[in-house]
Amino acid sequence: MQHLIRFLIALLIVPLLLTSVSAQTDPRSLINAMAVGNLKARAAQIEALAATGDAKAVPALQALSDGALYFRKSDKQVFIAQKSGKNFDLIDPLTAENIGTFPKGSVSKVKVNNSLRRLIRSVIGTLTLLSPDPQIRIAAAQTIFKTGDPESLEALDRALVQEKAPNVRSAMELARASVILKSDSTDADKIAAITLIQKGDGREGLPLLNEFAAQSDGAVAAAANKAIGEIEKTIALLDIGQTVWYGISLGSVLLLAAIGLAVTFGVMGVINMAHGEMVMLGAYTTYVVQEIIRTGYPGLFDYSLALALPLAFLVSGSCGFVMERTIIRFLYGRPLETLLATWGVSLILQQTIRTIFGSTNKEVGNPTWMSGAYELGGLTLTANRLWIVVFALFVFAALFVVLKKTGFGLQMRAVTQNRKMASSMGIRTPWVDALTFALGSGIAGIAGVALSQIANVSPNLGQNYIIDSFMVVVFGGVGNLWGTLIGALTLGVANKFLEPFAGAVLAKILILVFIILFIQKRPRGLFALKGRAVEA
Amino acid sequence: MTILKNTARSIGFAALVAGMMTTTLANAADTIKVGILHSLSGTMAISETTLKDAMLMLIEEQNKKGGLLGQQLEAVVVDPASDWPLFAEKARELLDVHKVAAVFGNWTSVSRKSVLPVFAELNGILFYPVQYEGEESQRNVFYTGAAPNQQAIPAVDYLLANEEVERWVLAGTDYVYPRTTNKILEAYLKSKGVADEDIMINYTPFGHSDWQTIVSDIKAFGSEGKKTAVVSTINGDANVPFYKELGNQGISATDIPVVAFSVGEEELAGLDTEPLVGHLAAWNYFQSVDTEENATFIETWKAFTGDENRVTNDPMEAHYIGFNMWVKAVEKAGTTDVDTVIDEIVGVAVPNLSGGYSAMMPNHHITKPVLIGEIQADGQFEIVERTNGLVAGDAWSDYLPDSAKLISDWRKPLSCGNFNVETSTCGGKGS
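Keeping their order, the protein sequence lines are chains F and V. Numbers 3 to 538, taken from this note's numbering, label the letters of the first sequence in order. Numbers 2 to 432, taken from this note's numbering, label the letters of the second sequence in order.
Here chain F stands alone, though its shape is the one from the complex (with noise of 0.2 Å):
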């Protein structure tokens, strides 16, 4: 009640306040007052603002915490400031209403850092508990849960008595148990508390439970500890889940890096060092497609890897057309030159995008879908990998299809298993053969915009898989498509499971060694093409 009072003069005074400047409680001249002052004396300016319980203020928090808050130097009035073009948009941070542009030089920022940001969201969180929007609410609680700040059990228990949304109400009871936690209150209170933290968000609440063990004794840290205890048991089962998941991760970005490699390598039995620089295009062309959207039609941004796709496969696939067209097809038989043709072809195209593009990273966005994580029964699922991991399966299908059920995977297997009869059959084997090459080096492009998503986008990317490309489809067996998905899974989850113990470089090179004694055992790989194929 208190509070709605104080809500309604700060409304009526809000007015009042821009032409006269009145006593310190103010937030208008609370706000103002961050004109001035080092970092240190901004830590009491943002308290003092809180201290008013003005939801109104939080505009003003939220732009200081975002580095957007600037006061005009000539009067030092303080102001969020939007950017249009080279100059500042200024609004009023209570009432938002927008007082015109001013130009970069005649503003200046309101400097702020960590440490003030972790007070912003904590202030934050107490005065935005009564927001009338449930997804702050929640948010607002689940700040409080984080920090623990006792100085907002009272907003709590005031927000609690009004609150109907079940799951925000959960949200603000776990919050209150966190800060029970940090006050002085009962051992029965507390230890109810830890029961409700532990069943409610178990790793979220580690953090809180380690640090109340550590500072309490008795009774109290009993409870703790055996909380503990419970929470760590199911994180460890947990973890074996999300490290199988990582695995997966890392063996869908290997199946995309090697699958094109499994149709020119694999089918065709072409040595292409150039494999990776078909990647790294499908990654340029993505930046390039993102730089247009961006400039032109910044709506469409979310798009724009569906609209790379298919440019990503024309252009890797043309350019592996005309290699074929112009290099390979004089050296098939003498593997050893084709190595070294395609290795040439794979320096000049990095150069060539250096001379285009620069030496330097390009940034490809992620559009907001690939964004953030899922959380999946405790389990965490960054989003990008997710749709990597599916898009890399999908990649994997539509080349099945391809091959076992059109026209033109005949006609490829059937070059490939005996070019002469397939000649004699009427079959256009050089056709054939550049068109297998494009489709695989077209399927690398895509494999590319997929990786635009995780890795960088330098003239080096290519580098980094054709290793591991090359690696995935000997592993699997050369010629066999389902080889290259086990053989990517397989490595994936290996790499993954060993790397907790023994370090990542320690991982790959654990890997590299088993892949070695693998190859002395089988040579042909895990899935052995048999039959005619294999002498011809």
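Hints are supplied without guarantee of correctness; some may be wrong.
[What the hints assert, rightly or not] Stretches of chain V that chain F covers, calculated by requiring three or more beta carbons in the stretch to come under 8 Å of a beta carbon on chain F:
1. 198-206
2. 239-250
3. 373-384
To be clear, the hints were calculated from the coordinates, so they are not data collected in a lab. The structure presented is a predicted model; accordingly, all values stated were derived computationally and were not measured. Beta carbons: idealized from backbone N, C-alpha and C, even for Gly.
Fit chain V to the given chain F structure using the hints.
Same frame as chain F, but now just chain V:
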């Protein structure tokens, strides 16, 4: 795998490069030649090409001012192609064939180590512009980048004081700079009372791109209820996927801040920095430094490259300081003779870009301010802390027992880079 790649690269590039990359940019008879030894192809091209351009700009500016000792300067650019042994060959070519008066170059420590014997044998001068692990002081080399006490230690001090960090993740790429820096940092943290179990050390291969496991380990390490920070010596390309993974797993700078020693404006250019706001970097220079010298420098740089969006960075400033020191020393000596310049340059002070003077110390390191910056949404850094006054580069770390007793002073009569104060002898470690 890196070795394999490097060998592969070296064969190809050596063939391509050998004939055509030795470019001489001016051909007057009476010129002073300045060698530029930076990779223009291969993995390190991403960082080193910029430094080559910066040197060309500095030389051009100096020539506009009338050159040096009445002669024009002439840049001799060679491309060592990110291939460490090739660095030594190219250094030999610069000194032996082109007879350059001084060389500005190298980025990675391993490439520096590979040219050291060449510079000692042929008596040349090398200005090395990159922050490095210390534990070295050579007569022929001037280290204008930061030693660990000019970057790593102040950064850790900042986290201790301002973020009250209690647990530390030391994450680095697996090579000499991160390993030595982390050794020094570990000793330093322990001297500050940090327990063994509160330090996690992690190394990854060059160009590591799958950070899922490591980031989730860091997340778990940080969930023990103590404030945790990551000190990152992750190098080059591996940074982009690392920061992306941090963002995706929802680790913000307010939860677990990352302070990096190899991430500057140039590296952030390939990155959407929105999720990284608040992560830190420690350098001796940021493009956002608000001084007149810096504004002029940035303006000249943008005009020279013809690109409004080009950024400046710390190693560029180091070259700026190193080049001006060399110019001043040559003017003082009246000759470009190597021995005279090496003697004259100690004590020379020139303006740096952050509003002060940097001086060459007797140990061939320089004095610099240390700045801590937070990443901003526009890919620039906001300076949140700067040391009071200048910090003198320390060749031998005080936190490693073997090195603490070594000092370096190239002035006569001592003339020694690794003088042991306990045994009063010159030599031993690092010689």
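Original post:
Do at least three Cβ atoms from the segment 239-250 of chain V come closer than 8 Å to Cβ atoms of chain F?
Top reply: holds (count 7)
**OP:** Quick one: see if chain F covers the segment 373-384 of chain V, three-plus residues with Cβ-Cβ under 8 Å.
**Re:** It holds, with 4 qualifying residues against the three required.
Original post:
Counting residues of the segment 198-206 of chain V whose CB is closer than 8 Å to a CB in chain F, do you get three or more?
Top reply: holds (count 4)
Consistency with the previously given hints is maintained throughout, with no hint failing.
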